[in-house]
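Chemist: Residue-level listing of the chains:
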Amino acid sequence: MCRYLHVICAAALIAALALFSGCTDVREANEIAPALGSGIELDDHEEQLKLSIQFAVPEGSSEQATSIKKTTVMSSTGRTISEASRNLSLSLPLTPILTHVGTFIIGERLAQTDLGILADFLIRNPNHRETTYIFVSKGSPPEEILNTATPLEASSAIGLANILEVQENRNAIYQPVQSNQFFRNLTTSGIEPFCPIVSVIKNGDKKILKLAGTAVFKKNRMVGELNETESRAFTLMNPKGSQGGLLVVRWNKNTLLTIEVIRLKANYKAVIDKTGKLRMRVELKGEGNYYEQFGPGEILTIPNITKIENKTEQKITRDILQCIQKLQLMGCDILGWGQIYRAQYPAAWQVMRDDWPHYFAQIEPEVKVNFAIRRSYLSTQSFEYRE
Amino acid sequence: MRYLSSKKAKSRAEESTGSLSQEAFSGDLEQNFHQLELLLHGCSDAVIKNFKFGSDPQIRGLIVYFDGLVDKTIVELSILKPLLIDLESLDGQLQDFNNNLLVIDFIKNSLLTLAEVNTLTSFDEVCAHISSGDTVIMIDGCNIALVAGTRAWEGRGIEKPDNENVIFGPKEGFSETLRFNTAMLRRRLKSTDFKLESFVIGRITKTNVVLGYIKDIAPQQMVDEIIARLMDIDIDGILDSAYLEEYITNQPKSLFSQVEYTEKPDRVCGSLLEGRLVIIVDGSPMAMVLPISFPQYWGAADDYYTNFIAASLFRLLRISAFLLALLLPSLFVAVITFHHEMIPTPLLLTIVASRQGIPFPAFIEALLMEFAFELLREAGLRLPRSIGPAVSIVGALIIGDAAVRAGLVSTPMVVIIAFTGIASFVSPHYNAAIIVRILRFGFLIASAFLGFLGIMLLLILVMIRMVSINLLDLPYMSPLAPLNLSQLSDIIIRRPWFKNMYRPYLEGMKNQKRQGAK
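Protein chains in written order, with the numbering used here: chain A, 1 to 387; chain B, 1 to 518.
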């Protein structure tokens with residue numbers, strides 16, 4: 001008996017494996033429907049939730065593996081997200097795989113009502129990726145956003161995520177917000193959530209998607225938005241440092257200069273002075289290149305460089321102040337200044353915490369920008385036109 | 001002959017041969033002749049030649065040998081010519097001896113122009129010697145015989161080993177002739193500390209087996225242990241060194257081989273200098289080096305002949321190839337059936353698209369492909385060389401193309417299996433490659449049932465098994481487990497020679513320092 005014990009054990013193990021295999025979630029690759037993007041919105045009567053999911057339609061064969069050329073969007077409604085999802089599965093021939101959703105779109109109406117409706121579902125659900133990009137749709141429901149094709153990319157969900165990433169590296173206007181950051185801001189005191197807004201616009205005959213601002217939340221509701229210039233200023237204030245992006249600076253009445261920002265780093269210092277007044281010192285230090293001169297005249301000269309730098313500093317200061325002012329009007333601290341106060345003045349923060357939007361609106365910002373021009377690319381002179 | 005005359009040659013196997021041959025010689029040549037005829041009855045290649053030599057009185061004698069094993073020129077010029085012709089010129093010498101025993105002493109010491117001449121006393125020894133290519137001389141009136149070393153059979157000669165290709169370093173390989181093989185080692189290790197202990201194993205084959213080691217480097221208790229184990233073997237025949245592996249390892253039932261086979265004398269010498277032992281069997285070009293720990297399978301012979309930086313990178317490449325060959329199909333199956341979230345979205349979409357219409361689950365698909373691959377490999381091995389390429393053409397067409405076109409397998413799976421195949425060929429040791437080939441199927445099954453969890457569980461089981469094996473006190477996973485960082489640097493990468501101060505540690509090794517002051 002003992003002699004064959006290991007054989008029996010091995011046989012039992014293999015049998016157990018074979019028996020348990022039914023319990024595990026085996027999902028063969030040809031029996032799954034990978035979802036690429038999803039969105040949630042209140043339905044027209046604002047009673048039920050409408051869940052829309054964009055699925056990849058695999059078009060290929062064993063012989064020629066072509067990637068996804070087509071997508072399809074399916075929607076269903078329910079009182080909760082799970083119920084909507086269950087209703088959706090009643091008309092799906094394949095197992096939906098939600099782990100590859102890279103774009104999650106919150107409908108404008110839902111965002112203005114209550115984020116708590118979806119926060120629990122998304123944080124609890126193991127199939128929801130923490131790195132999913134969060135958007136708010138404006139003007140159209142998520143279903144339409146998901147149905148609108150992006151040029152050069154078959155899936156609008158993938159396309160939207162790509163647009164966000166590309167503009168971040170090249171222009172740095174909107175900050176991408178991933179699910180984990182979004183919900184962390186939602187649940188942390190002293191900082192509010194924000195995310196980019198996406199809209200459907202007409203481009204000739206076609207409808208295309210465009211990033212159209214930054215949605216600003218207060219507690220669990222969307223209360224307003226930043227336009228493109230304000231969003232840009234908001235991105236410049238990102239303490240992590242922003243890279244890339246172009247700034248258009250007016251030199252004189254006829255001439256516009258474009259300055260390319262190579263790096264810009266923001267430092268914050270919170271101050272509570274003796275009278276109890278709150279002040280925030282924002283110091284930005286950055287470098288940039290002379291990128292384009294739109295207008296006549298020999299501008300790029302050594303004495304002028306300091307002037308160009310000053311103009312750029314003024315432009316950045318102006319934009320930033322405008323952005324801060326707007327946020328203070330809304331009482332939405334998406335900048336996370338509350339957390340800076342919490343770190344520097346823990347005792348005072350205990351007092352201010354419960355009424356932080358009120359205090360935030362009273363902060364007096366002091367913006368100081370130090371910008372230096374570094375290079376001017378291939379040309380060191382300006383064009384002189386012969387008469 | 002020197003192997004046969006070794007003291008260690010007395011093994012149990014030898015003692016248990018037939019009773020006829022154990023008899024001692026009688027003083028009568030006629031009787032000895034009949035005895036020999038009886039022993040060699042039916043052996044058509046045996047040659048017994050009677051002759052008379054000397055004068056006044058003429059003495060009868062005979063020589064016996066196996067045709068084909070001896071160099072006839074030596075027999076004629078160094079045995080028969082001195083006896084039959086040269087003796088004539090020493091006219092009347094023989095009458096000075098009143099005893100034929102003195103004659104045989106005279107022949108041995110003064111007449112025969114051979115270096116290797118010894119005396120024998122029994123038919124048993126005669127049989128052993130003539131079947132090894134020696135020539136036995138018997139003289140009337142003597143109860144001892146002379147044996148002359150006349151071995152010269154046709155061998156394969158020294159060729160480049162087929163199975164161990166190297167770019168740098170010596171190209172010669174062992175052949176089937178033990179004498180050539182030991183000579184190749186002796187030529188490289190010009191020291192009397194290099195010992196070659198001889199054994200005869202096999203009741204019928206009486207195969208010469210040589211245990212080589214360098215005294216004072218190889219731990220003495222290890223040598224003694226292997227000698228004891230070799231002496232303990234009682235089998236009718238040994239045809240290859242691999243016969244011995246299962247007798248001398250601690251865990252013969254294990255899949256994991258604890259010895260290394262090589263055809264390259266330089267590789268054997270390298271191992272000997274690290275204190276290991278080598279066993280060479282007559283008739284086999286494969287020398288067995290032991291003990292070996294598993295991580296050493298990652299090293300190749302020419303690592304030490306190449307620039308150490310390049311060799312280190314090659315070694316890392318081989319380690320990654322080992323892991324790929326072991327785990328790639330199972331990881332792929334686990335990912336596409338259980339863990340879709342682990343691969344990038346575009347890759348998932350490509351895989352999903354390519355698997356449209358495939359009738360089998362991914363596991364069955366992988367298993368079929370692996371099975372087909374193993375079939376091809378085995379067929380390619382067995383086929384005559386002239387039609388060997390046909391297999392690869394059929395294999396490439398059927399598996400690579402037709403199966404995909406027919407919609408039986410998906411393209412990514414073909415890529416995975418092909419890549420695994422290539423990775424498994426990287427292993428410089430066939431023994432290690434076999435282990436990987438077999439375990440791969442186990443991992444495939446585990447991944448099909450339990451995904452990464454299954455792979456992990458099996459990996460743990462395999463690890464437990466591997467760390468529990470040892471041969472001659474060398475743990476199988478050393479220097480990884482037990483961890484020895486200083487030695488690990490010559491396992492994961494190739495340490496430069498000037499940094500290689502010490503030999504890999506073996507239990508009981510006294511002389512571990514490799515260079516510098518002793």
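What the hints contain is simulated information worked out from the structure, not anything from laboratory work. Predicted model, so just to flag it, every value in this text is computed and none were measured. Among the hints, erroneous ones may be present.
FRET-style restraints, in silico, Cβ to Cβ [claimed, not checked]: (1) G283(B) to L13(A): 52 to 62 Å; (2) K202(A) to A396(B): 48 to 58 Å; (3) P151(A) to S489(B): 38 to 48 Å.
Some chain B residues well away from chain A (every beta-carbon gap over 10 Å; in silico) [claimed, not checked]: (4) L111; (5) R156; (6) Q356.
Ideal Cβ placement from N, Cα and C applies to all residues, glycine included.
Chemist: Taking the CB of K202(A) and the CB of A396(B), does the distance hold inside 48 to 58 Å?
Modeler: holds (54 Å)
Chemist: Lying within 52 to 62 Å: is that true of the beta-carbon distance G283(B) to L13(A)?
Modeler: Distance hint for G283(B), L13(A) is violated at roughly 43 Å.
Chemist: Could you check the hint for me, namely that P151(A) and S489(B) are 38 to 48 Å apart, CB to CB?
Modeler: violated (55 Å)
Chemist: Taking the minimum C-beta separation from L111(B) to chain A, is that value above 10 Å?
Modeler: Answer for L111(B): holds, closest chain A Cβ roughly 64 Å.
Chemist: Does R156(B) really sit off the interface, with its C-beta more than 10 Å from all C-beta atoms of chain A?
Modeler: holds (44 Å)
Chemist: Over 10 Å from every CB of chain A: does Q356(B) meet that, or does the non-interface label fail?
Modeler: violated (6 Å)
Checked against the numbered hints given earlier, the structure breaks hints 1, 3 and 6 and satisfies all the rest.
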